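Chains as they are written, first to last, in UniProt numbering: chain D, 1 to 167; chain L, 1 to 167; chain S, 1 to 167; chain F, 1 to 167; chain H, 1 to 167; chain A, 1 to 167.
Some hints could be false.
Straight line, CA to CA, 30 Å or less: simulated DSS-like cross-link-like pairs of lysine-lysine [what the hints assert, rightly or not]:
{"no.": "1", "chain 1": "S", "residue 1": "43", "chain 2": "D", "residue 2": "94"}
{"no.": "2", "chain 1": "F", "residue 1": "2", "chain 2": "F", "residue 2": "71"}
{"no.": "3", "chain 1": "H", "residue 1": "43", "chain 2": "A", "residue 2": "43"}
{"no.": "4", "chain 1": "D", "residue 1": "166", "chain 2": "D", "residue 2": "24"}
{"no.": "5", "chain 1": "S", "residue 1": "43", "chain 2": "L", "residue 2": "43"}
{"no.": "6", "chain 1": "A", "residue 1": "2", "chain 2": "H", "residue 2": "24"}
{"no.": "7", "chain 1": "L", "residue 1": "116", "chain 2": "L", "residue 2": "2"}
{"no.": "8", "chain 1": "L", "residue 1": "94", "chain 2": "L", "residue 2": "116"}
{"no.": "9", "chain 1": "S", "residue 1": "43", "chain 2": "D", "residue 2": "166"}
{"no.": "10", "chain 1": "F", "residue 1": "71", "chain 2": "A", "residue 2": "43"}
{"no.": "11", "chain 1": "H", "residue 1": "71", "chain 2": "A", "residue 2": "43"}
{"no.": "12", "chain 1": "L", "residue 1": "24", "chain 2": "F", "residue 2": "71"}
{"no.": "13", "chain 1": "F", "residue 1": "166", "chain 2": "L", "residue 2": "166"}
{"no.": "14", "chain 1": "D", "residue 1": "116", "chain 2": "D", "residue 2": "87"}
{"no.": "15", "chain 1": "L", "residue 1": "43", "chain 2": "H", "residue 2": "24"}
{"no.": "16", "chain 1": "S", "residue 1": "71", "chain 2": "D", "residue 2": "71"}
{"no.": "17", "chain 1": "S", "residue 1": "24", "chain 2": "D", "residue 2": "116"}
{"no.": "18", "chain 1": "D", "residue 1": "166", "chain 2": "S", "residue 2": "2"}
{"no.": "19", "chain 1": "S", "residue 1": "43", "chain 2": "S", "residue 2": "87"}
{"no.": "20", "chain 1": "D", "residue 1": "71", "chain 2": "A", "residue 2": "43"}
{"no.": "21", "chain 1": "F", "residue 1": "2", "chain 2": "L", "residue 2": "2"}
{"no.": "22", "chain 1": "D", "residue 1": "24", "chain 2": "D", "residue 2": "2"}
{"no.": "23", "chain 1": "F", "residue 1": "2", "chain 2": "F", "residue 2": "43"}
{"no.": "24", "chain 1": "A", "residue 1": "43", "chain 2": "A", "residue 2": "71"}
{"no.": "25", "chain 1": "H", "residue 1": "43", "chain 2": "A", "residue 2": "71"}
{"no.": "26", "chain 1": "L", "residue 1": "87", "chain 2": "L", "residue 2": "24"}
{"no.": "27", "chain 1": "A", "residue 1": "71", "chain 2": "S", "residue 2": "116"}
It is worth saying that the hints were derived from the structure and are not from the lab.
Values in this document were obtained by computation on a predicted structure and should not be read as measured data.
There are 6 protein chains.
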Amino acid sequence: MKVLVFGADGFEDLELFYPLHRLKEEGIDARVVSVSRGTVEGKHGYHVEADLSFDEVDPDEYDALVISGGKGPEIMRLNEYALDIVKHFMTEEKPVAAICHGPQLLISARVLDGRKATCWPGIRDDLIVAGADYRDNEVVVDDNLVTSRHPGDLFAFGRELLGLIKG
Amino acid sequence: MKVLVFGADGFEDLELFYPLHRLKEEGIDARVVSVSRGTVEGKHGYHVEADLSFDEVDPDEYDALVISGGKGPEIMRLNEYALDIVKHFMTEEKPVAAICHGPQLLISARVLDGRKATCWPGIRDDLIVAGADYRDNEVVVDDNLVTSRHPGDLFAFGRELLGLIKG
Amino acid sequence: MKVLVFGADGFEDLELFYPLHRLKEEGIDARVVSVSRGTVEGKHGYHVEADLSFDEVDPDEYDALVISGGKGPEIMRLNEYALDIVKHFMTEEKPVAAICHGPQLLISARVLDGRKATCWPGIRDDLIVAGADYRDNEVVVDDNLVTSRHPGDLFAFGRELLGLIKG
Amino acid sequence: MKVLVFGADGFEDLELFYPLHRLKEEGIDARVVSVSRGTVEGKHGYHVEADLSFDEVDPDEYDALVISGGKGPEIMRLNEYALDIVKHFMTEEKPVAAICHGPQLLISARVLDGRKATCWPGIRDDLIVAGADYRDNEVVVDDNLVTSRHPGDLFAFGRELLGLIKG
Amino acid sequence: MKVLVFGADGFEDLELFYPLHRLKEEGIDARVVSVSRGTVEGKHGYHVEADLSFDEVDPDEYDALVISGGKGPEIMRLNEYALDIVKHFMTEEKPVAAICHGPQLLISARVLDGRKATCWPGIRDDLIVAGADYRDNEVVVDDNLVTSRHPGDLFAFGRELLGLIKG
Amino acid sequence: MKVLVFGADGFEDLELFYPLHRLKEEGIDARVVSVSRGTVEGKHGYHVEADLSFDEVDPDEYDALVISGGKGPEIMRLNEYALDIVKHFMTEEKPVAAICHGPQLLISARVLDGRKATCWPGIRDDLIVAGADYRDNEVVVDDNLVTSRHPGDLFAFGRELLGLIKG
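The shape of chain D in the complex, shown without the other chains (with noise of 0.2 Å):
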């Protein structure tokens, strides 16, 4: 089993750690992946290493995808190869979990349209007119696709996570 995990500049600290750390607590090989390989700095000063850069990667490696929130996801929603990975894990139906700002970059790859979702209320709106279903709950389970409000939600994103990922 191997997961990327997705972070950039500014990231939401708990919302990259948490995951990263309880898909290590499972065994699971989970990849930090960023604009650039090298020290990325989250929004309350923690460092992380990227493993890997988003052109680095190929999706059909990996088993699942999560994508950290804070400032990182305006940052990583320009990347081209960011994008293209969120549309595989999408279309190929494997599992997304997306916290905070991280459905940033769902709007970007256009994978919205129909999906019940949630996530930052700042940018509600943004993903009501690129046609997700909003809810306003702790975490949002569609299929596929996990997503949740902000750090406060972690313990309810890494449970509908890991049941996602553990079948």
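Using the hints, position chains L, S, F, H and A against chain D.
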């Protein structure tokens, strides 16, 4: 001549103060409006006093609207009174100028469809999905609507805003 | 199943939130306890609400104890109620998990003599002087006692903590 | 029309950017000058690129001078080239505009004796001792010299600066 | 022996605490004085309690005066009571020690004319214009007046201050 | 007379600079020692240059040792050369002064058993467990050993340190 300047906590400091002082320089009566009256803090630490809360505004009394960027728009776009003011100015075709993340209110007010506009690159796709004709220019003018990308565009933003207001 | 999570001002943010959400993910009733009720601020700026103060806790009602690290332990170890809770769990051989500077409470409670344990390297010698059998591993399990070194060990800390609790 | 804008590390951000964008808005060629070329950081964290160092400037080529405030003036007033530029503009009676701590350069250049001026209140006595006719107004105009007190005066500072330049 | 130590918000932390502890080390009764009683915050984040406000001080009761630097002097020099205290000590030829920006109060009190003194380089010209005989030394002693340039001079500042006080 | 002053990144700024300047005030040759030569940053943002690294020190050449507190001691106590220097001074009964978290090095060097001492309250129990006769006083002197609790005790710490050194 009376002009509304929208800003909320986390506003991009230059994007609020440049138009505010620029309008005052012309002798125009510019009023800062926010979620509530009182002190509002910018992301770089500047403070401004909100003269009015959104629900106190009678838009018929005002001639133009400026929407600053930063983190404020994600707060302001959740305020129904703020969106009603935006709709009023767009329907009445009075001058509206939005910069950086400011166009997020235009998305939420559903007034961008078919309009030429620009914004902070990180929300570009949200404008496109909302039907805007996105341009990557320092300033875009479409009839009554002026938009810019970031603080480095303020000189052009101010020029076009003042051009519209002074007719 | 009810679990206590100790934290005080300056707590290491991930070390409190990871176990807190991890326990809630399992449907476990986890309560944050501090010097007093109300908001507690982590060293990276996150906030958490303390549900209880140390003097309000009846340890007989709880099944396990987690002690977060950072700067909080130097405050908590001066609270006699906190130390009495620690002694209760160690005497009753219920699960106790401490990370980073968290073991400072174990020293103050005089419960480390002869126990295998790890901690933040900077307080290693304090554990050794207190009679602990110090190990430099990502996680050390000695019967009911789980200890780790720093936030980078949280995946292993969580695995062993949950292993103990779920039996 | 070419204008010099002085700023050094710790410059008051609005006091540099407002006149810089204001001049550019008019199509005026405004150049940022500092102790050396390259990035200069304001006290609120904004960055600006210095186009020129003081020793590279031929003041005969420029039509006006703006001196921003903050902590920069205590650095710039120790630079002999900067003071020579100030003296040139004052001797030639070309427009000079200084705000907040900016007038510290006017003191060091010994050009304030008998001139009406204002400044940040904390250095008021230094201007008076230097022979200035100090006024506590939002803007003071004395022939070619425009001075203001703080960022809240920028609307008036801009109005008088532009008035002088545009004749 | 009783000594006044002047400081206001933004004081240079070492420049207030070094002389304060140094005087207390000798068993001297040192009192912190500010614009008002209560907590004063240094520019590096230290806090000190002001024992007295300027208007409460009877300078006849005190034997010496220390003026700390940083941003405090620009506030203190606007307080007429503070300047009256300075004038008292200079007229009575009791020991006065000022460091860094501290001499700004000496300028405002008009007591520097003809006196040998030093200060933070950024305000050097203000002292010269005020008639001081400026020297660029770690400490300058002119009868009852001791001045230094910055925190790195505190060892010399303390030596000469104590030398004067202990006679 | 030559004295070593220990400090590492995160040192409590006043606790290093007060004794450093105090010793220099007496004309004593005081050298800052750290893990490596070069700039060391205090927790409040002050910088100091380390004259020597621990492994370069020949303790026979020095007459006394000062250990500053803050976060530095958790780093320094992991350095074997630093601990050897501490042991030398304690064995030779030369003056040793440690403040706040500074006594953590005394624990690691195993030199506190049976000695009267004080420290930052948060590590009080570590000293007691290490065999120290803990006292809650502003300064504790036990033959060659001087200890204090926090920066507010520096006046007493300085008095006793200088008393010992000057014999």
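Hint by hint, work out which the structure violates, then give me just those numbers in ascending order. Violated hints (numbers, rising): 1, 9, 15 and 21; every other hint is consistent with the structure.
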